[in-house]
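Asks: Listed below are the residues making up each chain.
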Amino acid sequence: MKDNIRTFKKELFSNKAAMFSLILLFILITAVLLAPLSPYDPYKLDAGQKLLGISGEHWFGTDEYGRDYFTRALYGGRVSLLVGFLSMLMTVAIGTVIGVFSGYAGGRLDTFLMSFTDIFLALPSMLLMVILNAFLQPGLKTLVVVLSLFSWASVARITRAETMSLKERDFIVASRNLGASNIRIIFVHIIPNILGPIIVAATLSVANAILMESSLSFLGLGVQIPLASWGSMLQGAQAYILNYPYLAVFPGLMILITVLSFNLLGDVLRNVLEPKIVK
Amino acid sequence: MWKYWCKKIIRLIIVMALISFLSFAVIYFAPGDISSMYITADMSDEQKENILAELGLDKSMPEQYMAWAARAMRGDLGVSLSNKASVWPQIVSRLPATILLMGCSMILSLTLAIPLGLWSGYKKHTWIDNIISSVAYIGMSIPAFWFGMLLIILFSAVLRLLPSSGMHSVGAESAFDTFQHIIMPCITLSIGNVAVYIRYIRSSTIVQLSEEYVLTAEAKGTPKIIILFRHVLKNTLLPIITLMGMNLASLVCGSFIVESVFGWPGIGTFAMGAIGSRDYPVIMAYVMFSGLLLVLGNFAADILYTLVDPRIKRGGTLDEG
Amino acid sequence: MGNLLEVRNLSVSFFTYESTVQAVRDISFDLAPGETTALVGESGCGKSVTSKSIMGLIKKPGKILEGSRIYFKGQCITDFTIKEWERFRGKNCSIIFQDALASLNPTMKIGRQIIEVLNNHDTGLSRDEKVKKAVEMLAMTGIADAAGCLEKYPHELSGGMRQRVMIAMALIGRPELLIADEPTTSLDVTVQAQILEQMKQLQQKLNMAILLVTHDLGIVADAANKIIIMYAGRIVEQGPAREIFYHPVHPYTKALLDSVPRIDRDRTKRLRAIEGNIPDMANPPKGCAFCGRCPEAMNICEEHAPVLRQIEGPHAAACWLNELHTIHGGTDA
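So the protein sequences, as listed, match chains S, B and E. Going letter by letter, the first sequence gives residues 1 to 279 in my numbering. Going letter by letter, the second sequence gives residues 1001 to 1321 in my numbering. Going letter by letter, the third sequence gives residues 2001 to 2333 in my numbering.
Don't read these hints as lab results, they were simulated from the structure. No residue lacks a Cβ here, since even glycine has one placed at the ideal position from N, Cα and C. A couple of the hints might just be wrong.
Stated by the list, open to error - Output of the computed footprint for chain B on chain E, the stretches with three or more beta carbons under 8 Å from beta carbons of chain B: (1) 2078-2089; (2) 2098-2108; (3) 2115-2121; (4) 2273-2279.
Make a model of the complete structure from these sequences and hints.
Replies: Take a look at the structure:
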C-alpha cells in the first residue's frame, strides 16, 4: 500500500493535467464549503439588481431575480457536489455488495445476478430516470436514489471480476480452510484487496453522477426551487440565452471543470492502482 | 450458433418487458391518481366506476400492465390524455425527425472519431495525440445540453449563422433549410459519443499496432501508413460495431435532451411535454419506441458483427473468435 | 567469396523507466551465402533481439547502440533510412516468427497477405501473375490445395499450414537471407520435422542463407553448417556444427548438449537440465555471465569476463578454461 501511495504521488506530480485537476478540485470544494462567507444572500430577490452583467461587485453578474450569480453558483455547487458524492457512495455500496457476492458465490446465484446486472446495463437509464423523477417527488433524495439505481451495474461488473480472480488465491483458500465464515472472508479479505478498482470506479462515478444530475436538473426534474444546482441554473438561463449568455456560461463551466477533474483523477488512479491496464 | 441467437432474442424480450414494466410501475405508484385525469367532479358514482372499469383502473397493477401490454402488442397504444387523440399516429409522425437526428449524429460521430482516433493512437504520446486526447477528454466531461447552449450563443446569438431551434423555418421546406437546422443538434448529440469513440479507437489502435502481425507486415517491407490503413484499421473498427450498439442507449437518452434544447420536433420533445402533463399513454409509448430502437439497434450490431468478422462467420461460434 | 552478412560489435539495450536492460552486448559474427547458421540460446539470451536488429525491427524502448554495425553484402544497413529498410525487408532479407497465428493478420485472407510482399516491392507483375506466383510458392512449401488456401483466413488453417504460409510469405520475394526465429517451437514434433525438411529443400532450390534462431540444439543437428551459442547477450562459443557437437569447449555448450536427447550417447547417462537462471540483464555480472551456473567455475570467472578467442580454425569460445589451454600453450596471460 505504501508503495502504491508512492507511485501515486510520482504519477500525480509527473502528470501535469492530473495535478492541475486536483488543485482545481481543491479550490472548488473549498470555495463551495466557504459559500456562506459571501456577502450576498443566494435566495433573496431584488428586482432592482436584476441581470446586471459581470462587474467587480458581481463576478458572475446577477440573475433574472437580482441574485448574485457567483454566490448562487457556489451554493449550486454544494448541491451538485453533494448529489455527486452521495450517489457515488450509494452506487459503490450497491455495486460492490452485488458484485462481490455474485463473484464469491458463483454458480446459479452468480448467473442470475449477472444477467440482472447486464439487463440494467442495457437499459436506457437516462430515460427511466427522467420518468422516475417526473412521477416521484422530485428533490435531492429522489435524485440520489434514482442516480444510484441506474449506476450500480457497472460497479458490480468490475467488483465481480476482481472477486472472481481473488477468491481462488491461496490466502483466501487458507482462511476458508481455517474456518473463517464467508461474510468474514468477504469483508476482511476480499473487499480490502479490491479497494483499488473500487476507488477508481467511485471517482469516475462522481463525475458521472454530477453530469447526469445536471441533465436531470436542466430538464426541471432535479432539485426544486429555491434550492439550485448548476444544472437547474442552466435551465433558468435557457430563457435568457440570446441576450444574457453569461448566465449560461458560468454554471456549465463549473460542471465541465468538476467532471473533467474527477475523470482525470480517475484515470490517474487507474494507472496507479490497476497496473495491468496498458497505457 | 442458433443457441447464441436464441439467447440474444430472449434477452431482448426481457429487456423490453423490463423497461415497460418498470415505467408502468413507476407511473402506477407515483403519487397522484391517474383516474383523476379522466373523472370530473360532476360525474355520478356510477359513471365514475364505469370509466374506471373501461380504463381498467379498477384492477390490480399487474393486471393493468398485462392489459396494456396485450393492447400494445396489437399496436394500440391508447389515447393521449391531453389531446384525446390516438397515441400511435402521433408518435409515428414524429419518429422520422428523431431517427434523422440520430442517424446524422451516428454518421458524424464515426467520420470524426475514426480518423482522429487512428491518428491519435498512431502518433501516441506526441503533441498531436495530446491535443486529440485532451479534446476527447473534454468531450467526455462536458454536459451535452450545455455544449448545445454554447453553440446557440455562438452561432445564433453572436454570429447569427444558424437557427437556434426547430426543424424548418416557417414556410421553408427545402432540404438545405433542414440541414441548417440540424447542424447544431447533431453536433451536440454527437460530442459525447465522438469522445467515447476516439478514446476507444485510440487505445484499440495502440493495442493493434503492438500485435505481432504488424511486425510481420513491417518485415515484409510494408510502409507504416499502409499497415495502419490496410491491416490495423479493420481490426480496430470491428469492435466499434459492438460499441455503437452499446452506445445506442446514450444516443436515445441524448436525443431526448438535445431535442428539448433545440426544440427539435421529434418524439423526445413530444414525451417531454407529456411528462409535464403526466400523459401516461404517451410516456409509455415513448419509452416503448425508444426501447425498441435501442434493442433493435443492438441486435443489428450483433448481426453486422458476425457478417464482417471472418473469425465468426466461418468459425461457427462466437466464443472461439 | 565474401560474407553475406557481417555483424560487428552489435549492442542493443532496452531503456525502461526503472532500468536499462542490455539484451545484446557487443557481438560480432558472419553469415556466408547459401549456408545455414544456427543461433542457439535460452529464452532471454538476446537471440531474437539480434535477429530483429538485422531486420531493423528494434522498437522503442529498445535501441541499437552507437558503434554497432551490420553489413549486408558490404552495405551498412544500420544506417538505413525508413525507405531503404522498406526496400530491404522482404526482398533482401525475410523473417519468420515463432507464433504463426499471431503473426498473420486474423481478418485478412492468406492470399492478400502473401501478395502484399510483391506489392511492396515493385516487381512489375500483373495481378494474375502475382496470384500465380503466390500459388507456386505455397505449393513449394508443401501445401496441397495452394489455390484454395489463398482464399482462406489464418484461423481456418492448422498450425503447420500457417507456418508454411509464413515461409511462403517470407520467400516469395526471393530473399538472400531468411531469418527463422523459432520457426517450429509452437508445432508438434512430427510437423516440426516436416517444416525443417521443407526449409532445407527450399534453401537448396532458392540458394539462400538461413539464420536459424532456436533454443533447441536438437533441431539444429542436421540443419546447420555453423552454430553460434549465445548466453546473456554475448556469444560464448561459435564454430562449425561438427566441432560444436563433438568438441564443445564452453561449459554452457556442454550443458546445452547434455539437455538434448541423442542416440549416439551412452544410454546410462541421464539428460540434464541446466540448474539456475540466467542473470538479470539490467545488472549483468562483472565476470562471466554463466559463472553462477557453471560446474567448472573458477575464481577468475567471477571477476573478469572472458573474451571470445579462437581455438582451432573458425571454432572459438569465450571461457577461461579455454584461456588456460592457451596459457599452457605459452602465450601471455
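Asks: All hints are to be evaluated individually against the structure, with a verdict given for each.
Replies: Cross-check of the supplied hints:
1. Judged by the Cβ-Cβ criterion of 8 Å, the segment 2078-2089 of chain E is covered by chain B as claimed, because 6 of its residues qualify and three suffice.
2. A stretch counts as covered by a chain when three or more of its residues have a beta carbon under 8 Å from one of that chain; for the segment 2098-2108 of chain E and chain B the count is 8, and the coverage holds.
3. Counting residues of the segment 2115-2121 of chain E whose CB falls under 8 Å from any CB of chain B gives 4; the rule of at least 3 is met.
4. Closer than 8 Å: that is the beta-carbon criterion, and the segment 2273-2279 of chain E has 0 residues meeting it against chain B, so the requirement of 3 is violated.
In summary, the one numbered hint that this structure violates is 4.
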